[in-house]
Amino acid sequence: MYSSRLARLSSRRLWLVNHSARRFQSTEPPPAGGHSPSIATSSYLRTTRDAALHVPGLRWVDADNSRLEDVAAGRETRKMNVYQAVRDAMSVAMTKDDTAVVFGEDVAFGGVFRCTMGLAEEFGRERVFNTPLTEQGIAGFGVGLASMGHTAIAEIQFADYIFPAFDQIVNEAAKHRFRSGGEFGVGTLTIRCPTMSVGHGGLYHSQSPEGFFMGASGLKIVIPRSPLQAKGLLLGSIRDPNPVIFMEPKILYRSAVEQVPVDDYELPLGKAEHLTRGNDLTLLTWGTPIYHCETALHMLETPPESIAKHVPTSMRSAKVELIDLRTILPWDVDAIEESVRRTGRLVIVHEAGRTGGVGGEIAAEIQKRCFLKLNAPVKRVTGWDTPVPMQYEKFYIPDALRILDAVVETLAY
Amino acid sequence: MFRISRLPTFAVSHGHLPTSQSPITPKLQFFNSVMEDGKQIPTYRVLDGTGKVIEGAQLPDIDEDFARRIYQNMVKLPIIDTLLYNVQRQGKISFYMTAYGEEAAILGSAAALAADDEILGQYREMGALLWRGFSYDEVMAQCFGNCEDTGTKGKQMPVHFGSRKYHYHTISSPLATQIPQAAGVAYALKRDPSRRGRNCAAVYFGEGAASEGDFHAGMLLASTIPSPTLFIARNNGFAISTPASEQYHGDGIAARGPGYGVQTIRVDGNDVLAVLAAVREARKLCLEEGRGVLVEAMTYRVGHHSTSDDSFAYRPRQEVEDRKRVDNPIARFRLFLESQGWWNAEQEESYKAEVKKEVMQAFKRAENLPRLELQEMFTDVYGGDEPWNIKEQREELKALLKKYGNTWEPWKAELKKYRGEGKELLEA
Chain G
1 MYSSRLARLS SRRLWLVNHS ARRFQSTEPP PAGGHSPSIA TSSYLRTTRD AALHVPGLRW
61 VDADNSRLED VAAGRETRKM NVYQAVRDAM SVAMTKDDTA VVFGEDVAFG GVFRCTMGLA
121 EEFGRERVFN TPLTEQGIAG FGVGLASMGH TAIAEIQFAD YIFPAFDQIV NEAAKHRFRS
181 GGEFGVGTLT IRCPTMSVGH GGLYHSQSPE GFFMGASGLK IVIPRSPLQA KGLLLGSIRD
241 PNPVIFMEPK ILYRSAVEQV PVDDYELPLG KAEHLTRGND LTLLTWGTPI YHCETALHML
301 ETPPESIAKH VPTSMRSAKV ELIDLRTILP WDVDAIEESV RRTGRLVIVH EAGRTGGVGG
361 EIAAEIQKRC FLKLNAPVKR VTGWDTPVPM QYEKFYIPDA LRILDAVVET LAY
Chain P
1 MFRISRLPTF AVSHGHLPTS QSPITPKLQF FNSVMEDGKQ IPTYRVLDGT GKVIEGAQLP
61 DIDEDFARRI YQNMVKLPII DTLLYNVQRQ GKISFYMTAY GEEAAILGSA AALAADDEIL
121 GQYREMGALL WRGFSYDEVM AQCFGNCEDT GTKGKQMPVH FGSRKYHYHT ISSPLATQIP
181 QAAGVAYALK RDPSRRGRNC AAVYFGEGAA SEGDFHAGML LASTIPSPTL FIARNNGFAI
241 STPASEQYHG DGIAARGPGY GVQTIRVDGN DVLAVLAAVR EARKLCLEEG RGVLVEAMTY
301 RVGHHSTSDD SFAYRPRQEV EDRKRVDNPI ARFRLFLESQ GWWNAEQEES YKAEVKKEVM
361 QAFKRAENLP RLELQEMFTD VYGGDEPWNI KEQREELKAL LKKYGNTWEP WKAELKKYRG
421 EGKELLEA
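If you read the protein sequences in the order shown, they are chains G and P. The first sequence runs 1 to 413 under UniProt numbering. The second sequence runs 1 to 428 under UniProt numbering.
In short, the hints are calculated from the structure, not lab data. The structure displayed is predicted, hence computed values, not measured ones. Treat the hints with care, since some could be wrong.
Said to hold, decoys possible - Keeping only pairs whose Cα atoms sit at most 30 Å apart, straight-line, the calculated DSBU-like set for lysine-lysine is:
| no. | chain 1 | residue 1 | chain 2 | residue 2 |
| --- | --- | --- | --- | --- |
| 1 | G | 368 | P | 398 |
| 2 | P | 403 | G | 368 |
| 3 | P | 398 | G | 271 |
| 4 | G | 373 | P | 391 |
When you get a sec, could you build the whole thing from the sequences and use the hints?
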């Protein structure tokens, strides 16, 4: 399919000339679990103390301001998964800020995903408490607390159930500062919620609703990809002077494990992060699909035999720039624009459905800024425009194969 | 078990379920009221229609100065309302909502609060702001959205007041959203050592707003996560055109309080002394127990819902006239004051004349003030660093203004209304 297009455009990339060559490198069956890295073995997770202490953009937040901010020497790290890192962030925030409280459904016993384990014992039930089962109430209560300058860390049990709070979030939290001419505001409000698919969540334990909030100017939306990111971004969100929706990819709660600095640190909101560098194509995503992208890039380089014929040899050495967007609103347009200007190709991956998704917004802005630099249409690899279906999930989510196909098609365009 | 056996109406004890204190009964019996025999919750009153203390009622503790201050603020409301209502009719402001008929409910409750209790209103509670010292100039600034409107910077519709100084949280149009917020505000007060046991969050809402899910959420939260939240329902009989009979089938809003485990009272909202006494006591309970308390003030919305509404399309003019005549909250309190020798016809005349004069002056002044700078449109969306999209869009408007600002008539005329006429944008 791509060969006819290549005939037209092959001059654009030298390495595409050899596109028709097919080489089957391996005759052995694939190992159990496939050829590719999994979340557990991802190279994007920092497995050593040294790596964890030298993260781009990391800012130490110490009680002692006389210390140099960038000094990593002597600092400790601990192996954590995402739920432990989230818990650690809340513990740090509450230790340093007496007004900080954590509340939501079932948070007092530790939370259905263990994110608040032990916090009630550590800080008392006045600061870590269950609410009645009412999402609009949880969000409204948080708006009230935050309007008094108190730090409110609210939990919505699943992002799928954030919609009853949509009015409080969009009409109230997002507009609070603007409508009061800056006299009031709810900058100390953070709403955490587990998001994205989990393998068997069906319609209401799988959704990625970030796109619905993208038009709610006044809000920030943050989605981390790993434990280290989760702690730094959550602390950044809790202390950001704006209401933040912090969406935690629930499949990563236990599966993503890395070394996380024990001290207080923040990662910047509104900044994307480059995970790989390259000049041939920009691959942009956030949350769980980061790891599908990693697998797809591995497959591009060394495709398993079963699909090798669809991956032209010439493309296998393509340098793809993988970017973790991290903040959905306001998103890092400069980083994406700069990257696409170099690569001329953009593939956006997200789990949410395509129509009205975040990918559409980014695609439109990038085509405006990079029109003359684009060598292929911006491609979106997304969930389909259906609810997330229980027994069909493997064919619904943008997995490594679909990402690989989009990368190949875009390179071949 | 011993608790159950003490209940007089259940002579034979059958015990109770493990998760409930509800006594087991062999009688198959439905119920539909929180009061015995299906009777309605009574309405607490102190003064009758002629301003006399009714039999068995006790006057709340008020002195002459305090009583006069309440009355004077009640009187201010219809004077401001009438002017701004007419001004809207002339197209000088875009919108207005009067509080006709609800003066006692608003001032009686506001006077029962501490000056630094946090107020979260719906939109018909400007009287509470006036009570706390909000000036006529400030009222006008917000309604005109002029350069003195620090509370909303000309960004919200008229009557959406707000003031940090007077602990009055900025009004927003979505109904009932302030109710669960009030529980959060109250929880913050309870956690603040300097305000714990001293301040409550008072939240006002109409009986229509009480149908929103947020009312349910707010009542639940303030009772379950004990927070000193004072719920003040203004039951004025109408939500725009919808009569209360189509809003609920139960015994008003008050009947819902006990369902949430919330101390509740219903009060004659046209009797300012009853409202004062009820809210004072409610506030005391609220602080003592650190939990939600509900007051339902029964009134009647004498005015139209807003300037965008003609209420005679859904209720007879005569009904409104009758209510105004027979049950006027201001007249009722005035009769009381006069009976105490605290007010007379002469004072009435001179005070009203003075208010009218001052309100008119404030109006004239506000009318001639420009709006804030046009660039304010883009401020206060975010705190901290301004995101790129806002920055770029401001630049986009600037480019358009440069291109069309001096030639396209609708913009040219409009620009003159802003302080600086948009120059701060054009020259930036």
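Now for the hints, and whether the structure bears them out:
no.: 1; hint: G:368 x P:398; verdict: holds, 19 Å
no.: 2; hint: P:403 x G:368; verdict: holds, 21 Å
no.: 3; hint: P:398 x G:271; verdict: holds, 27 Å
no.: 4; hint: G:373 x P:391; verdict: holds, 24 Å
Comparing the model with each numbered hint stated earlier shows that all of them hold.
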